[in-house]
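K.L.:
The chain contents come next:
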Amino acid sequence: MPLSTAPEREGRGLVRALLSRLAQAALAALGASLIVWLMLPLAPGDPVDMILSARRIEEPTAAQIAELRARFGLDLPFWRRYAHWLAGVVQGDLGLSWRTGAPVVGLLADRLPATLRLVGLGFVVSLAWSLALALVAARWAGRWPDRLVLAYTRVFAAIPAFVLALLVLQFVVVGLGLGRVLSGGAGLTLALAALVLGIDRAAGWTQLLRAALLAEMARGPADVARARGAPEGRILRVIALPAGLLPWLTAAGMSLGGLIAGAPVIETIFTWPGVGAELLAALSVRDVPVIQAFVLLAVLGYVGASFLVDSLALWLDPRLRDGGRP
Amino acid sequence: MISATGIDPTAGRHRPPPHLLAALVRHPTGRWGLILTALLLTAAAAGPWFAPHPPNLPDYAAALRPPGPGHWLGTDATGRDQLSRLLDGARRSLGGALVVSAAITLIGLIYGTAAALAGRWVDAAMMRLVDVVLALPGLILAFAVIGLLGPGYVNLLIALIAADWAWKARIARACAQAAVNSPAAEVARHLGVPEWRVVARHILPAVFWPLLVLATLGLGGQIAAISAFSFLGLGVPVPLAEWGAMLAESRFFFRIAPWLLLAPAACIFVSVLAANLLGEALRDLATPEGRS
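For the record, the sequence lines run as chains A and B. Under my numbering, residue 324 is the last one in the first sequence; the count climbs by one each step, no gaps. Under my numbering, residue 481 is the last one in the second sequence; the count climbs by one each step, no gaps.
Warning: the hint list may mix true and false statements.
[Claimed, not checked] FRET-style restraints, in silico, Cβ to Cβ:
id	chain 1	residue 1	chain 2	residue 2	range
1	B	Ala455	A	Ala184	28 to 34 Å
2	A	Arg317	B	Phe239	57 to 63 Å
3	A	Trp138	B	Ala455	28 to 34 Å
4	B	Arg440	A	Ala184	41 to 47 Å
5	B	Phe239	A	Gly104	51 to 57 Å
6	A	Gly231	B	Gly257	50 to 56 Å
7	A	Val153	B	Gly284	20 to 26 Å
8	B	Leu318	A	Glu65	35 to 41 Å
9	A	Val236	B	Leu318	43 to 49 Å
[As the list claims (entries may be wrong)] One-sided and incomplete, this derived list gives chain B residues near chain A with beta-carbon spacing under 10 Å:
id	residue
10	Val321
11	Leu325
12	Gly327
13	Leu328
14	Leu330
15	Phe332
16	Ala333
17	Ile335
18	Arg386
19	Ile412
20	Arg440
21	Arg444
22	Ala454
23	Val461
24	Asn465
25	Leu466
Simulated from the structure, these hints should not be mistaken for lab results. All values reported here derive from a predicted model rather than from experimental measurement. Cβ atoms here follow ideal geometry from the backbone N, Cα and C, with glycine treated the same way.
Could you build the full structure based on these sequences and the hints that come with them?
P.N.:
Laid out in structure tokens, this is it:
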């Protein structure tokens, strides 16, 4: 009986590792949804009172209260409400908003595409900008371009995204007379908001990738190539970059949660019609179903992105397939 | 495994250098972090005594004054003195970040050490809980907690503690695990040293120092988060001063009064920078290689 060939075994290992990561991702999403539900009893006040205050009803009648209880299933035991909600989620139903009584899905479906565009573009900007900066820094390590990049990352790591957004609005938009253009064009607003979101995240990622590249440039393979007369730029591209890219991508995927969480404030400042405004309205009146839906979506986005990055890492580096982690 | 933070829990050699303060002063960037931090903390602690005006008292006759004598950093749209408000707000922006970082460190220290000492299924159960919490990105969890508790400064601090404790607990547990099995602890046990003394002398110090470094590195993020949530109106209520809340209040006057943007932004920037510089220096000093 012929032995299975190496590539075949490798392929099977990849599929098994991917399936295990997928199961982990699904479990993580389920666990996160459970956490949000388990925190619900911590919220002070009866849910009915929360709904009433969210709708600014001062003196409810007994009939109103009974109607709300029945409508939102508040009389059911906790586990049945969670199970009911989970069953709804699987069918694409996220419940009713406490504030407006409208389905949460409809509320978010209108606005989610705008947020996804913003976060997606911000992610791409962040990856591209930090890659470029880190390559410059590593190519001229210890010299002035490197020092400049290092100083740049120190400064930008210390400016929160919302402060950067306010500064950009004040000095770039108003300063360059873009105000009129901005109110008319969604494209420019998106570009500016995504730039702010991406540039803000890029500072930390640049520091990570720069450190990884410098470490690779000091290791054996780079030394061998150097001894054989390869130019520094080529060593960086061919040897250091592939080795340093993986931990950087993993870290970037893991901090995507911060990018998603940073979106609402950027959307508010640039008046970008994403889920941010909806979320803030829900937060200020404790509209729990909307908040739960936002958390669920954020976790799904985060878990999904981590899964993609993990898969990429597994595909690039077979050593990780036996349960190892980069 | 070296994480993105540069803390290697398995190494068991993260110790403060003998003369921490002197080492920090010698460190090229740590020096500046130390000086800036000291200045900011002094301003936050002693600010109310130096504040030239009451921070929350409007004076409509003096609205939107540019910086000058009497109002060194100008006044806002209701004529409140910006310097006084910045000094008053420092206690909430910086003090809040310190409280959150201290609470996270303490919770992480106790939870992680307890899990490592308990071992077996207790350890496994405690760490599974941490895994589940970590599936939620920290700031998203903070949004959820604020959503459930309602907006407010104390609720914001609780939310930020909830957002970050699990990560610290996991690192604390890894450090404690390494310390429990360290040769020094083994020898101490064989010599008949009681277990509580082994914990106090060998395990807690091995966990505390890395957590302190991480807490300092995280301080900048906490300052940014407190001001960002307050900017969104989910933190400090009006009329109390906080740097992010001040930016939100003055947002629509930046065109005619840019000092209302620049001064709070500079305060946030310098604070986060100071915390980052200090944290990076502490991280360098935490490993023997970093000290040279």
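K.L.:
Indicate, hint by hint, whether the structure satisfies it.
P.N.:
These are the hints, each one checked on the structure:
no., hint, in the structure
1, B:Ala455 to A:Ala184: 28 to 34 Å, "32 Å, holds"
2, A:Arg317 to B:Phe239: 57 to 63 Å, "59 Å, holds"
3, A:Trp138 to B:Ala455: 28 to 34 Å, "31 Å, holds"
4, B:Arg440 to A:Ala184: 41 to 47 Å, "21 Å, violated"
5, B:Phe239 to A:Gly104: 51 to 57 Å, "54 Å, holds"
6, A:Gly231 to B:Gly257: 50 to 56 Å, "54 Å, holds"
7, A:Val153 to B:Gly284: 20 to 26 Å, "25 Å, holds"
8, B:Leu318 to A:Glu65: 35 to 41 Å, "38 Å, holds"
9, A:Val236 to B:Leu318: 43 to 49 Å, "45 Å, holds"
10, Val321, "4 Å, holds"
11, Leu325, "5 Å, holds"
12, Gly327, "7 Å, holds"
13, Leu328, "3 Å, holds"
14, Leu330, "8 Å, holds"
15, Phe332, "7 Å, holds"
16, Ala333, "5 Å, holds"
17, Ile335, "6 Å, holds"
18, Arg386, "35 Å, violated"
19, Ile412, "8 Å, holds"
20, Arg440, "7 Å, holds"
21, Arg444, "6 Å, holds"
22, Ala454, "5 Å, holds"
23, Val461, "4 Å, holds"
24, Asn465, "6 Å, holds"
25, Leu466, "8 Å, holds"
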